[in-house]
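K.L.:
These protein sequence lines are chains A and B, in that order.
If you count by the numbering used here, then the first sequence holds residues 1 to 306, one letter each, in order.
If you count by the numbering used here, then the second sequence holds residues 1001 to 1501, one letter each, in order.
As a list, the in silico SDA-like pairs of lysine to any residue whose alpha-carbon atoms are at most 25 Å apart:
(1) A:Lys302 <-> B:Asp1333
(2) A:Lys302 <-> B:Ser1394
(3) B:Lys1045 <-> B:Ser1018
(4) B:Lys1215 <-> B:Arg1197
(5) B:Lys1215 <-> B:Gly1006
(6) B:Lys1315 <-> A:Arg106
(7) A:Lys302 <-> B:Leu1341
(8) B:Lys1366 <-> A:Ser255
(9) B:Lys1428 <-> B:Arg1380
(10) B:Lys1215 <-> B:Val1235
(11) A:Lys198 <-> B:Gly1317
Going by beta-carbon spacing under 10 Å, a handful of chain A positions derived as facing chain B:
(12) Leu169
(13) Arg175
(14) Gly177
(15) Tyr179
(16) Phe181
(17) Ala182
(18) Gly184
(19) Ser248
(20) Gly252
Hints were generated in silico from the structure; no laboratory data involved.
Backbone N, C-alpha and C define an ideal beta-carbon position, used for all residues, glycine too.
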Amino acid sequence: MMQRLLPFLSLILLFAGLAIASPHFLTNTNLSSVIRQTAVINIMALGMTLIIIAGGIDLSVGAILAMGGLMGTMAMERGFPITAGVGIGILTGLFWGSVNGMLTTRLRIAPFIVTLGTLGIIRGLTLIISNGLPVHRIPQQFSFLGEGNLLGVPFVLWILVVCALLTHLTLEHTRLGRYAFAIGSNTEAAVYAGIPVKFHTTAVYALGGMLTGLAGMIEASRLMTGQPTAGQGYELQAIAAVVIGGGSLHGGEGSVMGTLVGAFIMGLLSNGSDLLGVSPYLQQAIIGGVIILAVTLDEVRKRRVA
Amino acid sequence: MLALEGIQKRFGGVAALSDGRLDVQAGEVHLLLGENGAGKSTLMKIVAGMQERDGGRMLWNGREVNLRSPAEAAGIGIAMVHQESLLAPHLSVAENIFLGREERRPFGWVSRRRMVERAAGLIERHKFPLRADWRVERLSPAGRQMVEICRAIQHGSSLLIFDEPTSSLSEAETHEVFRIVKELRERRMAVIYITHRLEELRAIGDRVTILRDGKTIHTGPLEGLSTERIIQHMVGREISAIYRREPVPPGDELLRVEGLGRRGKLADINLSIRAGEIVGLAGLVGAGRTELCRCLFGVDPVDTGRISVAGREVKIGSPRQAVEAGIALVTEDRQQTGLALRLPIAHNVTLANLAGVSRRSILNRKAETGAASGYISRLRIRASSPHQLALRLSGGNQQKVVIAKWLFRNARVFLFDEPTRGIDVGAKAEVFAVMDELARSGAALLMVSSELLELLQVADRILVMRQGKITGHLAGRGATQEEIMRLATLAEPSGIGETIQ
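The shape of chain A in the complex, shown without the other chains:
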């Protein structure tokens, strides 16, 4: 139990340490900016949590994020209302998530390969659709999604809280969530129990895609552009958040709480390094080291249980 709380304790220690080390850390502006910066990765990581629990992986989420943002902003550019634009971004994510799910389950190809392929396909299509050019003519109010405040708190925090809550409820209190755990824990046993494994696996990828589409709209709102090259490397950050939070790439393990903690640990490390003047080059190395450390500690814990 002690060790399961370890990521959580590290987050608190990190938070306290930064509060002491830098006078600029505990300010409203800084904390808001941490939240805004981490929200995109955080929401993607929620979807990734579902996928990883079900024993899969999705390397194409960075590309999905870019295409979602692009499609949504292009719709607004053509005069669609903002909500419709956001909806189109989310649906784009849903579409590609379903494609990933169907390819892995129907062709029976490892998800690592399938999504490596769709990563390329989606990136390419996004560049073709946009001609490689970002979308700029977006209604001003759209910035509220990523930059606005509601009741004195960044609007993205509300979105994150709602998404996290829904993901948590899905995982712990619905059949879909239970099947995700079962499929990730032992696919063969799930098949033998008569579970429609292909359908539920696809559904998990689709949900992951949806969340990524939403993250894409937030990213677009923060940049106020539909950027076809957005989200490069985000897939790895999302995976890292899940893994730091105790998710297992073998499937069957992971939690929403863990993922949130994982994403915030990475966010704070990056923010803290900025505040303390650590070189951004070194930052990357630090985060890399933290990933290995976190997974090592988690493995040690699991070996002791087994």
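Take the given structure of chain A and dock chain B to it, following the hints.
P.N.:
Chain B only, in chain A's frame:
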């Protein structure tokens, strides 16, 4: 050449060998016989250095040896040809033959040409139907065995152990293996040959050693030893004093299988099981019993035949359809097919029937915990709580969780494939008690077991399979191990194995 005296080996609390004795001479083919689990494979693993003995002596050419690895065994001239070949499928025949013994040049360079030439020479000399440059993955099981044989010969072995070499081979391939074994004998090598097929014996063996329950029961020349005597030695026990299950009057027919066939695996399987019945399925490993269960549960497709559950014909193309038809499968490898080990007991119990604890996809976790608790007490599962992870349970209790899962799914036809493999005696008795309870509550049970005694204890009727066909149909009462053994091992059922309907 090789002498084993009083070899002992324990696995946890189970004694696999208590008195293994064997002596093998150069230039003979020595047969090693025994029921499944008699200790043949363990004894041979000790000889081949794959396992260390706990007690007893092993003499090699008169000197006591202690082998700690297959490499050490190979070093003194002992090699094993495995039932499932341990070759690197993506490498060529020649590369496999010399694997680990490549001819080296300086800087770790491997001389490929020399290797292929030497392999070709070896293949030529023994007239193997192989080519040195073929990739092993494309070879048939027989071809792979020949590669293993080449490997053993090349390494200069003087004792070769064959572990059921013909169990996966066709008749022509079997003759090929026999030819090779005889040739090895002519070259004054010693061969230990494990087999289950009694009709093979005379074609190949010189002397025979029979193991039963971890002890060597008989050693001697094959000549003058009747098949009757061999079977008696293998089975041996008196079963009069043993518990037998009290049968219940059977009800309606729940499972009916007609003309079921799967190419190369099963042919013309007909059977019928009524509510309250436990039907045993006997046969040797590879006879098609597991294949039958897999087909009935929709894991493997069938080519012909019909399956009816409770009088209605059902189409079973996937486990899902089988589950929906009310069929449950409990396998020996519960960790592989039955349980999600890292999930709690409760989640495993409800896995096949989440609809039973949810409403419009939303789970009622209280109801779930309640259901699981109910089964924990009803099936006497020893667990601290329904939230305990399945991996923390003992084998017997894990098996009960699997059964609970199917009970919660309201399954009525239960297929048990070696349900008691790897669980201890006490837990076995409890699993039998649960099976008895299932039968009493109106389920139909098909039980595969390699332990004849188990079948005689539990089953109302016993079907015997051999090479994909049902070769015998015996009443549980009055059936004997000898009869079952005969039907399972001999191609032509004679006198004793008459069909009892």
